[in-house]
Amino acid sequence: MNGDCGEEGQAPALELRRVSKRFPGVVALDDVSITIRPCEVVGLIGENGAGKSTLLKILSGVHQPDSGELLVHGEARRFTGPRDAARAGVGIVHQEQSLVASVSVAENLLLGAEGSAVRGGVYRWSELNARAQVQLSKIGSSIPPTARVDSLTFAQRQMVEVAKALSVEDHVRTPPVVVFDEPTSVLDAEDAEVLFAQIERLRTRASVVFVSHRLDEVLRVSDRVYVLKDGRCVAERSPSEVDVQELYRLMVGRESTGGYYREDEQGSVSGAEEMLGVTDLTRRSSFEDVSLAVRRGEVLGIAGVIGSGREDLCRALFGAEPVDSGEVRLAGRPVRFRSPADAVSAGIGYIPAERRFEGVAMGLSVGDNILLADSSPASAGPFMVPRRRRALVSEWIERLRIRTPGPGTDVATLSGGNQQKVALAKWLLSPRLRVLILDHPTRGLDVGAKEDVYRLVREMCERGLAIILLADTLEETIALSHQVVVMRDGRVAARFDALPGAKPTQVDLVEQMV
Amino acid sequence: MSSFFSVPALTRGRDRLRGRLVSAVPAAVLVVLVLAVASRQPSFVGAASMRALLEGAAPLLLLALGQMFVILIGGIDLSVAVLASLGTVLLATWLPSAGVLGVLATLGATTLAGALNGAVSAYAQVPSFVVTLGAMGLWSGVALTVSGASTISITEGYDTIFWLRDLRIGGVPASAAVAIGVILLAAVLMRTLSGGRALHAMGLAERAALMSGTRTQRVRVLAFALSGLCAGLAAVVLAASQFSGAPTLADSLLLPTIAAVVVGGTAITGGVGGPLRTLVGVLLVVVLRIGMSVMGVDPSYEQIVYGVVIIAAVALTVDRGLLRIVK
Numbered sequence: 001m002n003g004d005c006g007e008e009g010q011a012p013a014l015e016l017r018r019v020s021k022r023f024p025g026v027v028a029l030d031d032v033s034i035t036i037r038p039c040e041v042v043g044l045i046g047e048n049g050a051g052k053s054t055l056l057k058i059l060s061g062v063h064q065p066d067s068g069e070l071l072v073h074g075e076a077r078r079f080t081g082p083r084d085a086a087r088a089g090v091g092i093v094h095q096e097q098s099l100v101a102s103v104s105v106a107e108n109l110l111l112g113a114e115g116s117a118v119r120g121g122v123y124r125w126s127e128l129n130a131r132a133q134v135q136l137s138k139i140g141s142s143i144p145p146t147a148r149v150d151s152l153t154f155a156q157r158q159m160v161e162v163a164k165a166l167s168v169e170d171h172v173r174t175p176p177v178v179v180f181d182e183p184t185s186v187l188d189a190e191d192a193e194v195l196f197a198q199i200e201r202l203r204t205r206a207s208v209v210f211v212s213h214r215l216d217e218v219l220r221v222s223d224r225v226y227v228l229k230d231g232r233c234v235a236e237r238s239p240s241e242v243d244v245q246e247l248y249r250l251m252v253g254r255e256s257t258g259g260y261y262r263e264d265e266q267g268s269v270s271g272a273e274e275m276l277g278v279t280d281l282t283r284r285s286s287f288e289d290v291s292l293a294v295r296r297g298e299v300l301g302i303a304g305v306i307g308s309g310r311e312d313l314c315r316a317l318f319g320a321e322p323v324d325s326g327e328v329r330l331a332g333r334p335v336r337f338r339s340p341a342d343a344v345s346a347g348i349g350y351i352p353a354e355r356r357f358e359g360v361a362m363g364l365s366v367g368d369n370i371l372l373a374d375s376s377p378a379s380a381g382p383f384m385v386p387r388r389r390r391a392l393v394s395e396w397i398e399r400l401r402i403r404t405p406g407p408g409t410d411v412a413t414l415s416g417g418n419q420q421k422v423a424l425a426k427w428l429l430s431p432r433l434r435v436l437i438l439d440h441p442t443r444g445l446d447v448g449a450k451e452d453v454y455r456l457v458r459e460m461c462e463r464g465l466a467i468i469l470l471a472d473t474l475e476e477t478i479a480l481s482h483q484v485v486v487m488r489d490g491r492v493a494a495r496f497d498a499l500p501g502a503k504p505t506q507v508d509l510v511e512q513m514v
Numbered sequence: 515m516s517s518f519f520s521v522p523a524l525t526r527g528r529d530r531l532r533g534r535l536v537s538a539v540p541a542a543v544l545v546v547l548v549l550a551v552a553s554r555q556p557s558f559v560g561a562a563s564m565r566a567l568l569e570g571a572a573p574l575l576l577l578a579l580g581q582m583f584v585i586l587i588g589g590i591d592l593s594v595a596v597l598a599s600l601g602t603v604l605l606a607t608w609l610p611s612a613g614v615l616g617v618l619a620t621l622g623a624t625t626l627a628g629a630l631n632g633a634v635s636a637y638a639q640v641p642s643f644v645v646t647l648g649a650m651g652l653w654s655g656v657a658l659t660v661s662g663a664s665t666i667s668i669t670e671g672y673d674t675i676f677w678l679r680d681l682r683i684g685g686v687p688a689s690a691a692v693a694i695g696v697i698l699l700a701a702v703l704m705r706t707l708s709g710g711r712a713l714h715a716m717g718l719a720e721r722a723a724l725m726s727g728t729r730t731q732r733v734r735v736l737a738f739a740l741s742g743l744c745a746g747l748a749a750v751v752l753a754a755s756q757f758s759g760a761p762t763l764a765d766s767l768l769l770p771t772i773a774a775v776v777v778g779g780t781a782i783t784g785g786v787g788g789p790l791r792t793l794v795g796v797l798l799v800v801v802l803r804i805g806m807s808v809m810g811v812d813p814s815y816e817q818i819v820y821g822v823v824i825i826a827a828v829a830l831t832v833d834r835g836l837l838r839i840v841k
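First to last, the protein sequences are chains A and B. Under the numbering used here, the residue at position 332 of the first sequence is numbered 332, and the numbers go up by one with no gaps. So the numbering used here is basically just the index in the second sequence, starting at one, shifted up by 514.
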């Protein structure tokens, strides 16, 4: 049994004392001190680039601090790597899941810690599964250890990750620390509830560090909240003494404006002509008989749970997936896209949910990324004109307020919000752009960067673009859209007008979604 | 620039510096190598020796350029040398009757063969390693069949290509001048064409390129077609210098092409590199070869050295910072 929780006078489970970490040219963490007491849930918030990732990497042994101390139960430690951190009782539930999809839950849980479950290089399945079952029971999960990971839902996989992270407690006599890195950013509301219940459960035997962009969640689950800003720890608050607005102000250093989604700037689209229309579009086993239309200057929100077919529909509209039947019209003309290239040359842009793999080309410079989709405004005939290229790239860096050291910087070094702006600039600079599909455009972005995206959405409408939006939350969907379509099991289940002042409620939509 | 002294500007300065260093290392090694050889044999830096060096390097320059296009998109072309061998056979067969047309037909044939590699890889989604390994066997067999497994001397149609061997352009053998000219042209086009970054984008992030509207399958076919074209050009240069075509004439050049591309600083994983780096890489490999003979190393050790050089160059240049998975 591990040490008891909540005893008075215990040393903190984990403590950072005056930790600094510099990367060439940038101070990622500057004199940061945080304390995580045994069996306490500590929230950690901050904008992208505030130093959260660096802090987590120090906690998990990926980075070592340049100065300052790291103490585990009062004892100064220096982690040599993630394994070392795990042996000291620090487990991480990663934002991007780190399970091996093609093997069983048990194999994943005990990966690297098989011990006597492997004899002579061969699994002893009964012992492996039994030991995995012990880990799963700890978190009260009913997932069978023999299930293949790729047969699980995203939320179930996350529970496996939690069990795996918690298994570090076997190495230590004291309560372990489980770190959640942005755990809810890809979960539905329902699955998020399950996760919160899990965190409640965990606190009886472990300390929890909860990192999230969603301030209301952090307030809900945490006993204490640390706010990071520009590499410094600027505040430590108890949820009873702050609200979301206050946290937001601490995090970004300015007041949150009431018009967060800029609903007052939502323009009227009555009488505007149809830009993109779809009739009875079907792709077997994805979506069926979908009809919808989006007009110039209009935002069409598509709501639906995972499996509703809305993601597939959007990819099909962009030519990234084939369709079996039905018609697509662009500005009144029937079109058929066999590849994204067809869609792009017809004036359709797409911001994919997988920003890091599809949204921007990692390794390519900011300038090259911006010109990846349409370089014609910077070209004369088949050749790029250096002067025009420079002017165009800096114009868009400025217009979208992309924070980058320069146009030649590798886009991979930018924060998520700035990468997303690069992806947006790539489409917005194209004079032929008519329709923009936004697939979770604010996923993983901090509050400030989200606001920038909302502002841009309004500007794009003003320019006369038609926008199809798959938003992260229902709140976002409702606030940004002129019209909301709810999809369920691949079909359109309901349609709502969402004019300013006469918006449907979240309950209205949820009723149709499930 | 107003923000030059701010923190981000420093980051950029460092990135640039590192970028320059990485691309400067092969050139620096080249200089050191030349000096080392020259110290053993001063006549090495003389005009006659340099001419011989460049003339000998011409086929490899062209083949390595072709290999570079394919490596840049994240693939590999194992058939490039065999294709050049086939090219010499076709040229020797066609030149007497067709003259210049024979040269064009040879270039067309190798380009088409390259494009075929690319098409199979792009549309049937077969890894380039497998496609070109198969193609290596295939074209080698075709070359042996067409030639009757023997060397075909070129006696007629002589004038069409032999200027490559005999003519000097500014003191440089014409074959080398053509090869270097092709490399420079490729470098300029890749820098100035609107779609010039497509090859790099493919190598770095193919899905992102696809989702930005790049016709990635066509780019793949293009890269392999360019490799085929380069193999054809190399065949013409080789046939001119050897007075003949032979079914295995260029086969031993496969390993040197890969060695030249990677020691020049093009990443084996794709996305980073270019023609100028390949030029430096080829010169490195050629000087290394000459250096070995000056030092009295048995020529049979050459392939051993190329093998070691490839592995060492990749080991030294792969970015291990990200703990990426290697296959």
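Note that these hints are calculated values from the structure, not bench results. Note that the coordinates shown come from a computational prediction; the quantities given were computed from them, not determined experimentally. No residue lacks a Cβ here, since even glycine has one placed at the ideal position from N, Cα and C. Do not take every clue at face value.
To list a few chain B residues with every Cβ distance to chain A over 12 Å, as calculated [claimed, not checked]:
#, residue
1, 542
2, 673
3, 680
4, 714
5, 810
6, 815
7, 816
Which stretches of chain B does chain A cover? Using the computed rule of at least three CB atoms under 8 Å from a CB of chain A, they are [claimed, not checked]:
#, region
8, 717-723
9, 754-760
Quick rundown of the hints versus the structure:
| no. | hint | result |
| --- | --- | --- |
| 1 | 542 | holds (23 Å) |
| 2 | 673 | holds (35 Å) |
| 3 | 680 | holds (36 Å) |
| 4 | 714 | violated (7 Å) |
| 5 | 810 | holds (44 Å) |
| 6 | 815 | holds (37 Å) |
| 7 | 816 | holds (34 Å) |
| 8 | 717-723 | holds (count 5) |
| 9 | 754-760 | violated (count 0) |
When held up to the earlier numbered hints, the structure conflicts with 4 and 9 and fits the remainder.
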